[in-house]
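Engineer: Each chain is listed here by its residues.
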Amino acid sequence: MIADLVVTFVFILFAMVMLLGLATLLTWVERKLSAMMADRIGANRCYVKIPLINVKLIALGLFHAMADGLKMMSKERFIPKDADKFLFLLAPWIVFAPVLLMFALIPFGGIIYPEKIFGSFFAGKAYLMQIAPLDGGALIILAISGICIIGVVLAGWASNNKYSLLGSIRAASQMISYEVALGLSLLPMVLTYGSLDLHTMIVAQQGSMLGGVLPAWGIFLSPLTAIIYLTAATAENKRIPFDIPEAESEIIAGFFTEYSGMRMALFMFAEFAEIVIISCVFVVFFLGGYNLPYWDFAGSFPRLAIVLWPTIFFIKVFIVSCFQILVRWSLPRFRYDQLLTFGWKFLLPLAMVNITVVTLFLWLVQKHQ
Amino acid sequence: MLKLHLLFCCLAVASAVVMLLVRHPMKMALALVATMLNLAIVYGLSGAHVLAIGQVLIYVGAVMIFMIYVVMLLDIKDSSLVRPLSRYLFAAVVVLLLIAGISYHQLANTVTTQTLQAITPVGDMLSFRQFSEHFLEEYWLHFELSSVLLLVTTVAAITVLNFKKGTESL
Amino acid sequence: MNQVELLFYGGLLIVIIGLLGVISRKNLLSILMFQELSLNGVNLVLVAGSILHHNYHGAILSFITFIVTAAEMAIAILILLLLIKKRKTLDVTFYSELKG
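Residue numbers (the working numbering), protein chains in the order written: chain A, 1 to 369; chain B, 1001 to 1170; chain C, 2001 to 2100.
Accuracy of the hints is not assured; some may be wrong.
Covered stretches of chain B (chain C as the covering partner; in silico rule of three or more C-beta atoms under 8 Å from a C-beta of chain C) [to be verified]:
id: 1; region: 1052-1061
id: 2; region: 1094-1108
A few chain B positions that, by computed beta-carbon distances, are all more than 12 Å from chain A [to be verified]:
id: 3; residue: Leu1002
id: 4; residue: Arg1087
id: 5; residue: Val1111
id: 6; residue: Glu1144
Since the hints were derived computationally from the structure, they do not count as laboratory data. The beta-carbon is built from N, C-alpha and C at its ideal position, and this holds for glycine as well.
Chain A extracted, bound-state conformation (with noise of 0.2 Å):
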């Protein structure tokens, strides 16, 4: 009991850590990312400086993120006067708490048995790098998200403001319309590896395909898939292309306007975590969650595998991070009718139709069995 508490608590702590780690370097990537692609220098002024000798430490401008941290933190905490003050302190965090929980459901790691490393407190215990090892997880993962948008609309409508209310009006249309498409798309992934579990889906992705020559990721398997999960995530958080509810040139910040200090970094923070959230499922339903191609290293290194799952873990989803970050840089904006005309007439009908190969595909494949 206390030795599942123990493993419980350490796991939650390191997913907490990552979590909000990879948030922080990732608003740091957007400022470079961004700088490069425009081609100008970013980030570079924020440094340390070491006590005594007179060495700055500047780290690619790694600092600046705390340096944002201390500025929110030191800004005026303003409430609208004709807000309502308990619904407007409490819509942050309705956005930013659902965001951590999704983080429950994702495997960074296989079985692995303390007892052999820590010795005999854990004896004959085995435990999944889960923090939350449930049947449904692709299912919890979607409903979990579905709340954040009962946040995004009381901040609008607590603000009492007419950007924030039509930021809010925006963003719940948009998040009601693409959360359609997001479920419809991890279906096809669901019915492949015949399991709503996600660590079954990881072992499914074991081995592979074509003769050798392509390991057997869900990227492969169904790259269509894989196009319209990314693209109805990123309409999900609200990124350029898909960013009207808060196009800052239409209407200041949309729903967060009237927000400042800490209580906006809420808002801010819950998107750089919900990027990381986006690439962690993308990396277990198309990636191979943590094994890498052609080379079983938990066979070969069975005592190193609790170190090396979880870092090949990361270093796959800031891969995918990056590249939505990327994205971001890349594309114009879309206007509101061809945002919701492009969700419901083109995304919509083409998972439903994606849905419908990829089950006469496997009806095919398990008629020749």
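Given chain A, work out where chains B and C should sit, using these hints.
Structural biologist: Showing chains B and C alone in chain A's frame:
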């Protein structure tokens, strides 16, 4: 384990009571969301994972968000918020108490000590695989009919919207 | 107290609170929400029955209730929007044409 059940059941009932106490529809909607989430936790604790997820996905994720969206769009300030109580409250409460008494009596008859002792633990019964297999084997007709119902609803909604555009009088 | 008993009486309590709300409120949106609350209570009782008798019927029925509720809500809110377009109010006392 039973303590957790009790805690979340009490939380659900408490947020239902909050719904009775607040006036504005937005706060009521939030209290209702809290009730639903607590009920989802109770389902999860009882081993009915499918229903817990259905509760969050369908009730909170679709129905309540639609409701909150409408409250946000309407921004109502009318007499029903100033004087929210109906005129026939007294008579209604008497009838309500009657109904409550009868249903309590019926429930207490159903849940006797003999039936309670016969309970076997739920185990895997309401997990995804088992539940879905039973659902689609025994109740496949209901499943298909519910999809027809959803289709009819969509068609009805679109028809009403177009109807509004076409004719002025309704 | 047994788990099943707890679920039964909790469900009954929620149903009654929902009914009380439907009776006492005058705002149409509030009435709809209390109706949802009652349905939630009924679902809880169904699940408790499913556990009590150790079969699937209650759980499956409550799952179908989810679907029906979603459909019902879509239509109900549409009707509500049409009513507001016509009368500009949500107070049910103003909708009394059918009173004899």
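Engineer: Give a verdict on every hint.
Structural biologist: Status of the hints after comparison with the structure:
1. 1052-1061: holds (count 4)
2. 1094-1108: With 6 residues closer than 8 Å to chain C, the region 1094-1108 of chain B meets the three-residue bar; holds.
3. Leu1002: The claim stands: leucine 1002 (chain B) keeps its Cβ more than 12 Å from every Cβ of chain A (closest is about 18 Å).
4. Arg1087: holds, 30 Å
5. Val1111: Non-interface label on valine 1111 (chain B) holds, nearest chain A Cβ at 29 Å vs cutoff 12 Å.
6. Glu1144: holds, 16 Å
When each numbered hint is compared with the structure, no violation occurs for any of them.
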